[in-house]
Structures are given as structure tokens and as C-alpha cells.
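K.L.:
Model the full structure from these sequences, guided by the hints.
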Amino acid sequence: MEARSAKFRIGQVVKHRIYPFRGVIFDVDPVFSNTEEWWMAIPEAMRPSKDQPFYHLFAENQEAEYVAYVSEQNLVDDDSGEPVRHPRAREFFRRDRKGRYKLDRADLN
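Residue numbers for the sequence shown follow UniProt numbering, so the first one is 1 and each next one is one higher.
Because the hints were derived from the structure by calculation, they are not lab data.
Check before you lean on any hint, since a few could be wrong.
What the hints assert, rightly or not - Cross-link-like lysine to aspartate or glutamate pairs, in silico, DMTMM-like; alpha carbons within 20 Å at most: (1) LYS50 / GLU37; (2) LYS102 / GLU91; (3) LYS50 / ASP29; (4) LYS7 / ASP51.
P.N.:
Below, the structure is given as C-alpha cells:
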């Protein structure tokens with residue numbers, strides 16, 4: 001598998017192109033780096049290619065905050081300007097006056 005350059009960056013707020021959730025990116029894998037079981041659990045018709053960047057998000061929907069792992073093909077820029085309410089986002093990022101998230105701590109473990 002050949003890694004592609006990531007379209008999105010750490011600290012960028014994105015949303016899923018199909019499902020109603022959004023989040024701030026806190027890590028990027030150049031290619032799929034999760035378990036085979038996780039990948040196989042995705043319905044075949046919707047299963048993304050493994051040879052693209054995958055993003056770790058501090059994600060949220062209407063009901064909850066959680067961590068998501070999402071393929072690049074399923075993300076779009078979130079231009080709402082709304083802050084991300086996930087508590088971990090506030091723990092690792094600071095939001096500047098323009099609403100952009102800047103990494104506040106180098107270690108996300």
C-alpha cells in the first residue's frame with residue numbers, strides 16, 4: 001500500500017459526509033491502521049479503501065462525545081465555526097480567535 005498525503009490536518013474541524021457527527025482531528029494514520037475486525041464490521045458497500053489516510057477525531061453528535069476513526073473519503077470540512085464540545089478537545093487544543101484549534105500539548109496519550 002502506498003500512503004497518500006493527508007487532505008486534513010491535526011486541529012481541523014471536520015464532519016462526516018454521511019452520518020451526523022463532527023469533530024476535531026487529533027491524529028492521522030497515512031493508511032488504515034485499525035483492526036481487521038473493525039474494518040470488516042463496516043458494511044461491504046460502504047467499506048472504505050485502506051490505502052488512504054484515516055483520522056482520529058474527538059467526535060460528537062447530538063447525544064454524545066466519543067473518539068472516532070474515519071477514512072478521508074468520508075470527511076468534509078466543517079465550516080460552521082461552532083466550537084467542538086468534546087472535553088478532550090479542550091484538554092489538548094486551544095481555540096484561537098478565528099476558531100481554529102491549535103495543539104496545546106504534544107503528547108495525546
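K.L.:
Hints first: check each against the structure and report whether it holds.
P.N.:
Hints versus structure:
no. : hint           : in the structure
1   : LYS50 / GLU37  : 13 Å, holds
2   : LYS102 / GLU91 : 11 Å, holds
3   : LYS50 / ASP29  : 10 Å, holds
4   : LYS7 / ASP51   : 14 Å, holds
When held up to the earlier numbered hints, the structure conflicts with none and fits them all.
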